[in-house]
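K.L.:
Mapping the sequence shown onto the working numbering, position 157 (from 1) lands on 157, and the numbers just tick up by one.
Just to be clear, a hint being listed does not mean it is correct.
Capping the alpha-carbon separation at 30 Å, the derived lysine-lysine pairs in BS3-like fashion look like this [what the hints assert, rightly or not]: (1) Lys25 x Lys70; (2) Lys25 x Lys5; (3) Lys70 x Lys39; (4) Lys39 x Lys25.
Here are the computed distance ranges between Cβ atoms for each label pair [unchecked claim]: (5) Gln43 x His120: 39 to 49 Å; (6) Ala29 x Asp90: 39 to 49 Å; (7) Arg51 x Glu174: 40 to 50 Å; (8) Gly135 x Val13: 25 to 35 Å.
Since the hints were derived computationally from the structure, they do not count as laboratory data. Glycine included, every Cβ here is placed at the ideal spot set by N, Cα and C.
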Amino acid sequence: MELEKTEGLIEAVLFAMGEAVSAEKLAIAIGHDLSTTRKLMHQMMDRYNSRVGGMEIIELDDSYQLCTRKEYYDALIRVAKQPKKYTLTDVQLEVLSIVAYRQPVTRQEIEKIRGVNSDHALNRLVEYGLVGETGRLDAPGRPILFGTTEEFLQEFGVRSAEELPSIQPELIEEMKSEAEEEVQLKLDI
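Please build the complete structure, drawing on both the sequences and the hints.
P.N.:
Put into structure tokens, the structure is as follows:
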């Protein structure tokens, strides 16, 4: 009975919050330690995944969220107004990739990697909720540090930035040689 009440409390908190709740906050809410809370969350996730139902619990960077299963999305948009959809441009995808793989990263570091101003693309990614401020760099001017958000993790279907696919070293070398050739062609013109 105690377990059912605790799981009910977790469900209520996740439902009411409507966004991911850290394991630490859940532990405080249910009065258990972090280890026990994580075990309970994984048991609940397994139970939700083993049944046929419209809800699931997902894990995002040691936080948990109660969500509607993706397979029911079409039915939801028939009832509710269609959620905002955005299309990322190649420039925005490039900036998002830099942020995802280099986070936390400053605007200046992004522009150094790209070689061009990236203000507009970065501002759009912040507006879309895929990128957010993670703090300030301890340097002159205290530039803003950017990183990916929970929205990014949800949209790309990963639990943390560590789950992003790694870039193969051969591809890095190939990209470097292509960039050098491109620079050389521009210099020759």
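K.L.:
If a hint holds in the structure, say so; if it doesn't, say that too.
P.N.:
We went through each hint and held it up to the structure:
Distance restraint check for Lys25 and Lys70: the Cα-Cα separation of roughly 26 Å lies within the 30 Å cut-off, and the hinted pair is therefore satisfied. Taken as a hint, the Lys25 and Lys5 pair is honoured in the structure, with Cα atoms around 17 Å apart against an allowance of 30 Å. For the hint pairing Lys70 with Lys39, the CA-to-CA distance comes to about 25 Å; that is within 30 Å, so the pair holds. For the hint pairing Lys39 with Lys25, the CA-to-CA distance comes to about 15 Å; that is within 30 Å, so the pair holds.
Evaluation of the 39 to 49 Å hint for Gln43 and His120 yields a pass: the beta carbon distance comes to about 46 Å. Here the CB-CB span from Ala29 to Asp90 is close to 43 Å, well matched to the stated 39 to 49 Å. Restraint check, Arg51 to Glu174: a C-beta distance of roughly 46 Å satisfies the suggested window 40 to 50 Å. Range check, Gly135 to Val13: Cβ separation about 27 Å, and the 25 to 35 Å hint holds.
Figure legend: structure checked against the earlier numbered hints; every hint is met.
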